[in-house]
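Peer 1: Sequence:
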Amino acid sequence: MAELDDSAAVAVVGMAIRVPGAERDLDLFWQHVVTGTDAVSFFTPQQLSGWGVPKDLVEHPHFVPARAVLRDAGCFDHRLFGYSPSDSALMDPQQRILLECAWAALEHAGYPPVAVDGNRIGVYVGTGLNVYLLDNVWPNTRVVEAAGGLQLIIGSDKDFAGTRIAYKLNLQGPALTVQTACSTSLVAVHAATQALLTYDADVALAGAATVAPPTRRGHVHEPGGIFSADGRCRAFDAAADGTVPGDGAGMVVLKRLEDALRDGDTVHAVIRGSAVNNDGSRKAGFTAPGPTGQAAVISAALGVADVDPDTIGLIETHGTGTALGDPIEVAALRQVFDTGRDGRAPCALGAVKSVVGHLDTAAGVVGLIKTVLALRHRTIPPIAHLSTPNPAVRREGSVFELPTRPRPWTPIDGVRRAGVSAFGIGGTNAHVVLEEAPAARPRPRRHVTELVLVSAKTTAAAQESLERTAAFVAGTAPGELADVAYTLRTGRAELPWRAAFLTGPHGSPATVRQADAKARSRGVAFHLSGAGELTGNRPNYDADPVYRTIVDEGMARLRGRDLDEAVRERCTRLLACAGLAQSLRSRGVSPRAVAGTGAGALAVAVVAGVMSLGDALDLICGAGVDGIRLGPVELPVHIGSGEPLTAAEYGDLGFWQAQAADPPAPAAPPGLQVLWIEIGTQVTPHLGADQPTLPTDRHARLLATVGALWQWGVAGAWDPVHDSGRRRLPAPTYPFAATRHYLDAPAAHLDTERHH
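When we follow full-length UniProt numbering, the leftmost residue of the sequence shown carries the number 1, and every step to the right adds one.
It is worth saying that the hints were derived from the structure and are not from the lab. Among the clues, some could well be false.
Calculated cross-link-like contacts (lysine-lysine; reagent style DSSO-like; alpha-carbon spacing at most 30 Å) [to be verified]: (1) Lys518 x Lys457; (2) Lys457 x Lys158; (3) Lys158 x Lys168; (4) Lys158 x Lys518; (5) Lys457 x Lys168; (6) Lys158 x Lys283.
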């Protein structure tokens, strides 16, 4: 098999869905796909009447009271995104769902959903018709008048779907709204892919949402029309008579493949090529499908991907289950794929609409996500409701397979590849060629104890996130714990309600605490006493590259010297103190001052920048002092429990020689109103008093201290040295609050009660 050019490939590194029956759960969605579980709901006349569906419509002889609906479609976590309840109720629910999907997709990819300045993250999204505006908002005239025209437009217009996400998440790449009817979200994927390949963006979000209010739960079947007579979508079945409308959303996070592999991202699948075109007038009518345009876009995508059509093992079709659409789609596929395949396995067809209904603008990206999951699970899923294949579709000698049960996906020529199609009313066609992800590169394993950080906007969300994360971590393989901890630390927003816990044997129950502005204003200081269990601190040495570097550098300096036991002990304690202090600084803990007593007296000089590590060791060893240089101090220094050193003391080599020869006994830290971190003393962790102290003498205690400080809001970002070789792995995403913000039609009251 010829090697393909990875420089033109794009990785799918994150996904999020809102689909009927599975909601936000990718694993449950896959289970429904692989078992053919239908998510369509059927409604009683009483339910429809209560939702405001006109009586004459409900009593229509061909009315079908069915739709694939989202649970909690009217709910939104307004606090997380900084909206008021009234503004949330006016906003298009589709755009609210897209906001939550964008947040979840970035977290699934292992990236913080609120990006740092300077990022080039693009947004390419679309929505369906804002029926909520027509059915629910406009009839509430008092609310509309109170809101004003501009606020109503900003919350309702499709133009703002992409820019709203970019604004709320601080995404600074291109932010575009894409609208091509049923092909919208797959066209958005294509546009995002092109932006990556032309370096308009380094990361891109692509997706769409379609949600209709309860007043639209049902449809009228017309023979030969789009919608099914019995509320089932039977794609490629002889009894197929239409599709079923559905509500849903999907979002993917894309990166150039080479960047994703370099950055340690989880690659779920690879986009090898994509294409978009339009039928023009080469079809029966504006709403009719066109086989020529469909065949052309598939051929174009395969050409961009530079892959042989015979190596495609699955096509996720547009698959609407209409009497006209299915045969035309297969006829277009035959133009591209009916080449005999040279004895290779047949190409299976798929149709996710048979499971979740036709999600309109979101249909393409949900089909893409389904296909990514099929590649990841190496399984060809069945087509739901398929019992008797449509004779116009299944012909003798065809290369296509219509699977009725799941089967293992056998690679063709050593690789698994798939295509995904989406065709919009109006003729805009899109096709994407997918390939299974390359094998993950092996990563170094690390110490069993890891610090896991969790935060949320509210205490309830933080508690739920803590419980979900703890359960997830408990089921994580030991070799992946460091990656999971890294992902949760670097790939999540730092929100005010926080919890931290350790993995492994040092784990303990975690509690949720709010970050404290007073603690942040006080800051932290280091107290290096040099007492306690520091010598031979193997767990820190093994687990911490900063600590290990300082110890190795110091021991190399001492190598070959004939030192008595007491001097060597003081040297090793200095190394341990300095190593722990610098390790804390590399983990985002920035002290406002350092104090030292005992063996830590000279360590503070190293930490504060007064002298180098080697010079401090030479002073303890009694070596010559001619070459010792005293640098400008970086931090206030206290020796013992007294006042900070004066400029004269900083620059007095004799003063430091005295500390090396006859160090003062351990003493209490000076009376500064800060959070003290004890380095070298075994004390009980305590926060909240005037002089709280936190221990660091062992690796687990050091991590616990960092976690406690992070909970209080006084620790920042870690130095990348601790994360060398780490991968971003999928981990629990944010538990959005299901608070109902919905204007009922046509009543004019705003219900913001918790929706259960």
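Peer 1: None of the hints should be skipped; say for each whether it holds.
Peer 2: Here is how each hint holds up against the structure:
{"no.": "1", "hint": "Lys518 x Lys457", "in the structure": "holds (19 Å)"}
{"no.": "2", "hint": "Lys457 x Lys158", "in the structure": "holds (28 Å)"}
{"no.": "3", "hint": "Lys158 x Lys168", "in the structure": "holds (16 Å)"}
{"no.": "4", "hint": "Lys158 x Lys518", "in the structure": "violated (43 Å)"}
{"no.": "5", "hint": "Lys457 x Lys168", "in the structure": "holds (15 Å)"}
{"no.": "6", "hint": "Lys158 x Lys283", "in the structure": "holds (29 Å)"}
Hint 4 from the earlier list is the only one contradicted by this structure; the remaining hints agree with it.
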